[in-house]
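Chain W is already provided as a structure; the job is to place chain U on it using the hints.
Protein chains in written order, with full-length UniProt numbering: chain W, 1 to 578; chain U, 1 to 578.
None of these hints come from the bench; they were simulated from the model.
We put the CB at the ideal spot given by N, CA and C, even for glycine.
Hints are not guaranteed to be accurate.
Rough simulated footprint, nothing fancy, chain W against chain U, three-plus residues with beta-carbon under 8 Å [what the hints assert, rightly or not]: (1) 168-181; (2) 303-316; (3) 392-405; (4) 419-430; (5) 433-440; (6) 539-551.
Protein chains: 2
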Amino acid sequence: MKILGRGLPAMAWLRQYSRKDLATDGMASFIATILLIPQSMGYAILAGLPAYLGLYASILPSIVYSLLGTSRSLAVGPVAITSMVTASVILPLAMPGSDAYVSLAILLAFVSGVFLVLMSLLKMGFLTNLLSHPVISGFISASAILIAVGQLKHLLGIQAHGNNLIELTQDMLRHADEINLPTFIISSLVVGLLVFFKKYLSKILKTLGLSSETANLLSKAGPVLVVVLTTVCVALLSLDQQGVKIVGQIHLALPSIDFTSLETDTLWALLPGAFLISVVGFVGSVSVAQSFAAKRKEDIQPNQELFGLGAANIASALSGAFPVTGGFSRTVVNTSAGAKTPMAGILTALFMLLVLFFLTPLFYYLPNAVLAASIIVAILQLVDVKDFIRIYHFSKQEALALAATFFVVLFVGMETGIIVGISLSLLFFLWHTSHPHIAVVGRVPGTEHFRNVQRYQVETTPNIVTIRIDENLFFANARVLEDYVLSLIAQQKDVKHIVLMCSAVNMIDASALDSLETISDRLNSAGVTLHFSEIKGPVMDKLRQSTLITNLTGQIFLTQHQAIQALSHPIEAQHQGE
Amino acid sequence: MKILGRGLPAMAWLRQYSRKDLATDGMASFIATILLIPQSMGYAILAGLPAYLGLYASILPSIVYSLLGTSRSLAVGPVAITSMVTASVILPLAMPGSDAYVSLAILLAFVSGVFLVLMSLLKMGFLTNLLSHPVISGFISASAILIAVGQLKHLLGIQAHGNNLIELTQDMLRHADEINLPTFIISSLVVGLLVFFKKYLSKILKTLGLSSETANLLSKAGPVLVVVLTTVCVALLSLDQQGVKIVGQIHLALPSIDFTSLETDTLWALLPGAFLISVVGFVGSVSVAQSFAAKRKEDIQPNQELFGLGAANIASALSGAFPVTGGFSRTVVNTSAGAKTPMAGILTALFMLLVLFFLTPLFYYLPNAVLAASIIVAILQLVDVKDFIRIYHFSKQEALALAATFFVVLFVGMETGIIVGISLSLLFFLWHTSHPHIAVVGRVPGTEHFRNVQRYQVETTPNIVTIRIDENLFFANARVLEDYVLSLIAQQKDVKHIVLMCSAVNMIDASALDSLETISDRLNSAGVTLHFSEIKGPVMDKLRQSTLITNLTGQIFLTQHQAIQALSHPIEAQHQGE
Numbered sequence: 001m002k003i004l005g006r007g008l009p010a011m012a013w014l015r016q017y018s019r020k021d022l023a024t025d026g027m028a029s030f031i032a033t034i035l036l037i038p039q040s041m042g043y044a045i046l047a048g049l050p051a052y053l054g055l056y057a058s059i060l061p062s063i064v065y066s067l068l069g070t071s072r073s074l075a076v077g078p079v080a081i082t083s084m085v086t087a088s089v090i091l092p093l094a095m096p097g098s099d100a101y102v103s104l105a106i107l108l109a110f111v112s113g114v115f116l117v118l119m120s121l122l123k124m125g126f127l128t129n130l131l132s133h134p135v136i137s138g139f140i141s142a143s144a145i146l147i148a149v150g151q152l153k154h155l156l157g158i159q160a161h162g163n164n165l166i167e168l169t170q171d172m173l174r175h176a177d178e179i180n181l182p183t184f185i186i187s188s189l190v191v192g193l194l195v196f197f198k199k200y201l202s203k204i205l206k207t208l209g210l211s212s213e214t215a216n217l218l219s220k221a222g223p224v225l226v227v228v229l230t231t232v233c234v235a236l237l238s239l240d241q242q243g244v245k246i247v248g249q250i251h252l253a254l255p256s257i258d259f260t261s262l263e264t265d266t267l268w269a270l271l272p273g274a275f276l277i278s279v280v281g282f283v284g285s286v287s288v289a290q291s292f293a294a295k296r297k298e299d300i301q302p303n304q305e306l307f308g309l310g311a312a313n314i315a316s317a318l319s320g321a322f323p324v325t326g327g328f329s330r331t332v333v334n335t336s337a338g339a340k341t342p343m344a345g346i347l348t349a350l351f352m353l354l355v356l357f358f359l360t361p362l363f364y365y366l367p368n369a370v371l372a373a374s375i376i377v378a379i380l381q382l383v384d385v386k387d388f389i390r391i392y393h394f395s396k397q398e399a400l401a402l403a404a405t406f407f408v409v410l411f412v413g414m415e416t417g418i419i420v421g422i423s424l425s426l427l428f429f430l431w432h433t434s435h436p437h438i439a440v441v442g443r444v445p446g447t448e449h450f451r452n453v454q455r456y457q458v459e460t461t462p463n464i465v466t467i468r469i470d471e472n473l474f475f476a477n478a479r480v481l482e483d484y485v486l487s488l489i490a491q492q493k494d495v496k497h498i499v500l501m502c503s504a505v506n507m508i509d510a511s512a513l514d515s516l517e518t519i520s521d522r523l524n525s526a527g528v529t530l531h532f533s534e535i536k537g538p539v540m541d542k543l544r545q546s547t548l549i550t551n552l553t554g555q556i557f558l559t560q561h562q563a564i565q566a567l568s569h570p571i572e573a574q575h576q577g578e
Numbered sequence: 001m002k003i004l005g006r007g008l009p010a011m012a013w014l015r016q017y018s019r020k021d022l023a024t025d026g027m028a029s030f031i032a033t034i035l036l037i038p039q040s041m042g043y044a045i046l047a048g049l050p051a052y053l054g055l056y057a058s059i060l061p062s063i064v065y066s067l068l069g070t071s072r073s074l075a076v077g078p079v080a081i082t083s084m085v086t087a088s089v090i091l092p093l094a095m096p097g098s099d100a101y102v103s104l105a106i107l108l109a110f111v112s113g114v115f116l117v118l119m120s121l122l123k124m125g126f127l128t129n130l131l132s133h134p135v136i137s138g139f140i141s142a143s144a145i146l147i148a149v150g151q152l153k154h155l156l157g158i159q160a161h162g163n164n165l166i167e168l169t170q171d172m173l174r175h176a177d178e179i180n181l182p183t184f185i186i187s188s189l190v191v192g193l194l195v196f197f198k199k200y201l202s203k204i205l206k207t208l209g210l211s212s213e214t215a216n217l218l219s220k221a222g223p224v225l226v227v228v229l230t231t232v233c234v235a236l237l238s239l240d241q242q243g244v245k246i247v248g249q250i251h252l253a254l255p256s257i258d259f260t261s262l263e264t265d266t267l268w269a270l271l272p273g274a275f276l277i278s279v280v281g282f283v284g285s286v287s288v289a290q291s292f293a294a295k296r297k298e299d300i301q302p303n304q305e306l307f308g309l310g311a312a313n314i315a316s317a318l319s320g321a322f323p324v325t326g327g328f329s330r331t332v333v334n335t336s337a338g339a340k341t342p343m344a345g346i347l348t349a350l351f352m353l354l355v356l357f358f359l360t361p362l363f364y365y366l367p368n369a370v371l372a373a374s375i376i377v378a379i380l381q382l383v384d385v386k387d388f389i390r391i392y393h394f395s396k397q398e399a400l401a402l403a404a405t406f407f408v409v410l411f412v413g414m415e416t417g418i419i420v421g422i423s424l425s426l427l428f429f430l431w432h433t434s435h436p437h438i439a440v441v442g443r444v445p446g447t448e449h450f451r452n453v454q455r456y457q458v459e460t461t462p463n464i465v466t467i468r469i470d471e472n473l474f475f476a477n478a479r480v481l482e483d484y485v486l487s488l489i490a491q492q493k494d495v496k497h498i499v500l501m502c503s504a505v506n507m508i509d510a511s512a513l514d515s516l517e518t519i520s521d522r523l524n525s526a527g528v529t530l531h532f533s534e535i536k537g538p539v540m541d542k543l544r545q546s547t548l549i550t551n552l553t554g555q556i557f558l559t560q561h562q563a564i565q566a567l568s569h570p571i572e573a574q575h576q577g578e
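Here chain W stands alone, though its shape is the one from the complex (with noise of 0.2 Å):
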């Protein structure tokens, strides 16, 4: 922890901090506070856990984040779809509502905490690559389904569960009697108007001659407008006796938590689902912080985020909430509203603070549909079609990666969906490692380079021939050569010298060198001579370790050129005579 040693990350702009700056930030938190307790709150409905572990979720981990993450815009805190994972990974252990599924929630936290951790002191950070671009757009837009037709419930005022869309859509219909009107009729007005203030809102503020900075952060607003209207409705109408479900009163104390109940088969049961919940955090998050770093010329250390990330989550558990990581729309909120430092989110915290401490009561006739309607909107967006026709033109197998993705998370469900998009890309990978272009090389008359036969008209010289191959030597085509080379001589029986010419090669194993070393001895033994051109310095560094070189009847050339010279040597004036 190079930046640790230094101090906190956030001495960098601390030590410069302002009383201006404080204005500037403090007047954003403001406005970013109001404009995220709706979207706390119902992160926190979509987990499965009450709306006011939202807020929770958004305090003290906002404070760690800010401390010690590298990026100066990032905000930290409930995100759809480490939420819409908590829900997924709890459901089968627990009874929504229940004390049980609130102490795994905040297990689950820590737990993928301890992870992120874990992967910054390790330096573990690339594990996270393994999820392609085609795994994340499959996963990302089956998740937004997914969460959006689980909000659904909560427009219709029922109760349904499950981890894919059959099992939701099932128990749906097992419920569909049970339906609540007025939940239901607050719910189409909601949807109606969150959507024509996504839409309109802003060209109408435009028109009316607003700024169009104002005019886009006034309409984001329309969420808050939408709650402050429903709740006085619900309130003066008494609809939470006619069965509109409300967020209600709200516990002040934190939950109490009773690990000792624990088994260590749930223990063992969580483990997958905070894996996926670190990983997928971590890469959205890093994703965000890039993209508004890079506008600022900002350094994001990605290692540094993991550890900011973690400590985060391991906060948010200790205050007795659930998993948590920076968010593409609490950034977006954060900057449009004018933070200028990460001392806005800790401002946010504590307005989140004040709010939980003294205006809990406003929000008690707030119906929870509102808060499911203004996710469901939010998240359908995320669906991109566009993203999977992109892919398909440029590549038809990662497109066949992303689509499986999609399809198994949304019908079976989201670790095996991320299980199999995973194994796909690592198969098409290695599919086309393992399929290596190698070629037949010949000079370009009059020159020193080295082209193709098949495709250009090049000078070859009797016994020798070259060979490039044009990927990695490793396990996953090791043997590939191994064929070409054997198979080469045997239908070219007056081979004398072969010469691998290894420009493109930028790394060689051991499966690599054992195949190199047994073309070496069939070659020998088929009375043909191994040479090597070309290698680069760091893998030249690793062969001087093998007996390859040792046992190297050839020779190792520096260039190609080289190698043909020499080995052409008696023949040479003749060539050069033509």
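Chain U alone, transformed into the frame defined by chain W:
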């Protein structure tokens, strides 16, 4: 199946097959049959099956492979590793000695055969490349130890089963009081004799004036001599009455297989094991085939090999026997006996059939302990400590993959071991490629060559940074480049142009494309232009289908030299004057 389209692979040698060849192959097959009888019966016992099934497995599969395979030397039949995996797969599902056990072995051969044929038809042979050299090495060493320990029970005359070293040892200790003294005495003598023959017989025969080749072949007859001696001994002393287990009556009917009682669960339980047998058997077989083919400059076609071995396994199932593959010791016996063509495999099979019909009474008193002892003596040679040391010096990571495979196979089980090994290999490879060598390069003065600025005295141009990445660009490292470039412009605020030199990039996938677009966008918003140079043909073909190129504000240069010339144009004169 190109080759099948042109007729049987066997047509290549059958067309020019002469009467003289038949005489040579006939003599060789006669010798080979005698030598292969104890070996084949031993491997049947190793698989937990009646000894005579080893003879069954040596007939039809050998004929089928001779007609369909591409190797002229490879001998196909029961082999140590596949027999061991067979036992390890079936033991949890049925009692050794039961009819169900035999049925499952037959089914396993059939399913493995189908897997191999499918892999051939779908050209999925590259899947076998997943087995990296360290994983195979660790697997074979550990399996050899497991096999040897598993055979100990026959030497002691007790019952003991288990899938790993711990289970085996515990079960042997549990039955330690049942050790059969006559069996133990025979075993000790036999092991002593076999080791003596192995180490000294060949030398002694050579000092007696025999040619090196004859001496080696005769020393291979050591086990046959031991078989004869002990069989006579047991018969004369009626040691089978004293508890010495013997081969006994050999049934000539095909085993009655009852697949109707087979449950779907059982079939599912067999699948991973069948896949393991296919892959491990194929990899081992192809290496043996390649090593014998190279000497004769013959061409082994892996895809046709998959088909040939698959058909051989299906043939084995049809003859009521267990999984087979091409084996090293079988092939050595075959070629050193003087076999010239695959006809030897067919003739050996026919001799084996004659033995089965007319000579089985001779094996009645053959003790199982002798077969087990010859397996132990042969198999322990496969434990390869030197290979570990060699790999350790080449790569600590790969040595770790070998060690992990070794210990997990030994202490947990063969399938888990292979999975752990493959996962570690993939992980280390991904770790490697996700830490690519990235260098800022500059021009070697007076040349068109560009080298790492940290290693060479090179010229750089103000405001232009050229970055060379020495790795394929794909999901495992896409974000690494993103982090590198964005970090670079965060640190060097005066950069106006970034040139990405792609001379070592052999592939770009959708994730990398996404990262490149992100880099391009973010550089744009930071006022920096992104350019590319030296993109390879196949990579450029792919990029043309993407929006990266159409949205690129910078240029694509054929060579790095052109890039620097074009971008530094205003100050080029000054530079050339230096």
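We went through each hint and held it up to the structure:
1. 168-181: The restraint on the stretch 168-181 of chain U is violated, since only 0 of its residues have a Cβ under 8 Å from chain W and three are required.
2. 303-316: Per the Cβ count (0), the hint is violated.
3. 392-405: holds (count 4)
4. 419-430: holds (count 4)
5. 433-440: holds (count 5)
6. 539-551: holds (count 4)
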